[in-house]
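What follows is each chain in one-letter form.
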Amino acid sequence: MKYVDEFRNADLARAVSAEIAGLVDPNRHYKIMEVCGGHTHTIYRHGIKDLLPDQVELVHGPGCPVCVLPMGRVDEGIAIAERPEVIFTCFGDMMRVPGSRGNLLEVKAEGADIRMVYSPLDALRIARENPDREVVFYAIGFETTAPSTALTLRRAKKEGIENFSVFCNHVTIVPPVRALLDSPDLRLDAFIGPGHVSTVIGCRPYEFMPADYGKPCVVAGFEPLDLMQSVLMLIRQLDEGRCEVENQYGRAVLWEGNLKALEAMSEVFELRPYFEWRGLGFIAQSALKLSADYADLDAELRYSTPGVRVADPKACQCGEVLKGVLKPPECKVFGTACTPERPLGALMVSSEGACAAYYNFGRKSFEKVEIGSR
Amino acid sequence: MQNDLTLVGNCALDHDGCVVCSDAGIPVRVVSIRGDDAVCEDSAGHRTEIAVELVAPVKAGEILLTHGGVAIGKALDAEKLAAGS
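So the protein sequences, as listed, match chains A and B. Residue 13 is where the first sequence starts when you use the working numbering, and the numbers rise one by one after that. Residue 1221 is where the second sequence starts when you use the working numbering, and the numbers rise one by one after that.
Incorrect hints may appear among the rest.
DSS-like cross-link-like pairs, simulated, lysine-lysine; straight-line CA separation at most 30 Å [said to hold, decoys possible]:
| # | chain 1 | residue 1 | chain 2 | residue 2 |
| --- | --- | --- | --- | --- |
| 1 | A | K272 | A | K169 |
| 2 | A | K43 | A | K344 |
| 3 | A | K326 | A | K120 |
| 4 | A | K301 | A | K120 |
| 5 | A | K344 | A | K61 |
| 6 | A | K335 | B | K1279 |
| 7 | A | K344 | A | K169 |
| 8 | B | K1279 | A | K326 |
| 9 | B | K1294 | B | K1279 |
| 10 | A | K43 | A | K61 |
| 11 | A | K301 | B | K1279 |
| 12 | A | K272 | A | K43 |
| 13 | A | K272 | B | K1294 |
| 14 | A | K301 | A | K272 |
| 15 | A | K301 | B | K1294 |
| 16 | A | K326 | B | K1294 |
| 17 | A | K272 | A | K170 |
| 18 | A | K301 | A | K61 |
| 19 | A | K43 | A | K326 |
| 20 | A | K344 | B | K1294 |
| 21 | A | K301 | A | K335 |
Calculated from the structure, these hints are not laboratory results. Every value quoted in this text rests on a predicted model; they were computed, and no experiment measured them.
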């Protein structure tokens, strides 16, 4: 396959679908988790679920950084944004994540100087252009995004820009997956690994899945046929009794990852001893903070954020959905009190959040579950 | 030639999803290089400046994967991919 048309070719998709259907053991249930929110989005946008036999169940993982951010971290960002000397910058979806007292968009409407940026480098540019203001970037994301923050901090330090700082909420992908595998709530058979996270970290970090837990993993691209082929590769492994890490997305992912990006990250960040994940609780060494060399650019230190914990609204079942225990339409407030226009839980905010993906593209599946479960 | 960008994925610089949650890596082609940055063009012809020091050295014509204004990887070129497919 060479071009994108082929990655969306209906005849090829039907052929792969038939091959999967022919391979599955009719008496077995295959529970496969796609770790990444981008994969969840592709699955619902392109109706991939309907191309798979009933024996294959896709479970949505914790790979949406906006969705796993606990409410306390949103509140702390808002507290910084409300300071009169601060220009607060963040990615677009972050603006709508609910904190306990509203979201960043609402705080902006009340007069706070909050600006949406496409890149942390845009935030650094704003700092250069406004030397009399303090510019804070709300950093969020897995290892795909962390290199851009690292590179920005390196440039800020090199240029001696003192009115710039980063509120770091970067997380890492392996610890939550390990926590899910240790969880008694969920029994999974295999994993679809995140494509662009793996562009940075490579495939080697997933070797613990087959080695420690006996679960195969296939790193996948983001086109519909990428995902179909990855499911096929996993079913083949399971049926043949193989258990290994395979790379379906070889056109963008090297086994060893991007060493320069990893080096920048290790210079700028260090692991936090623990970090709270929405729905998953505290997970050891699962997030990044700025290293001692970059402490002067750390907004957490500059503004002495207190590290408050805020419980999710009682009606919100994001935690169960994040762990794959509940499907989004099985949540009590899905599509009623919680919609993309007025999200109660974070999973409804980002278009890659499992609930928003279901809401926007999975209505057919939604109706099926509704009828069967109530 | 421009279609070679879609070897990696059908995502362009006006990508309307969440930058971080979609794990987005946008394929772009290097047009010209200015120090640690490069002017790059996506499959729709949009141009923007991308930081390229994490994938250096780069040369004009190469396909990069970008995320949040920073190149995080290089795509295999069309010939290598065609040879391997």
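Status of the hints after comparison with the structure:
1. A:K272 with A:K169: holds, 18 Å
2. A:K43 with A:K344: holds, 23 Å
3. A:K326 with A:K120: holds, 27 Å
4. A:K301 with A:K120: Distance of about 26 Å is within 30 Å: holds.
5. A:K344 with A:K61: holds, 23 Å
6. A:K335 with B:K1279: The given pair, whose Cα atoms are some 43 Å apart, is violated under the 30 Å limit.
7. A:K344 with A:K169: violated, 48 Å
8. B:K1279 with A:K326: violated, 54 Å
9. B:K1294 with B:K1279: holds, 11 Å
10. A:K43 with A:K61: holds, 13 Å
11. A:K301 with B:K1279: violated, 33 Å
12. A:K272 with A:K43: Given that 30 Å is the threshold and the Cα spacing comes to 36 Å, the pair is violated.
13. A:K272 with B:K1294: holds, 12 Å
14. A:K301 with A:K272: holds, 19 Å
15. A:K301 with B:K1294: Holds, at roughly 27 Å.
16. A:K326 with B:K1294: At roughly 45 Å apart (the allowed maximum being 30 Å), K1294 (chain B) and K326 (chain A) break the hint.
17. A:K272 with A:K170: Holds. K272 (chain A) to K170 (chain A) sits at ~17 Å (cutoff 30 Å).
18. A:K301 with A:K61: Roughly 38 Å separates the two Cα atoms, so the pair is violated.
19. A:K43 with A:K326: Between K43 (chain A) and K326 (chain A) the Cα gap is close to 28 Å, so the pair holds against 30 Å.
20. A:K344 with B:K1294: violated, 44 Å
21. A:K301 with A:K335: holds, 25 Å
When each numbered hint is compared with the structure, violations occur for hints 6, 7, 8, 11, 12, 16, 18, 20.
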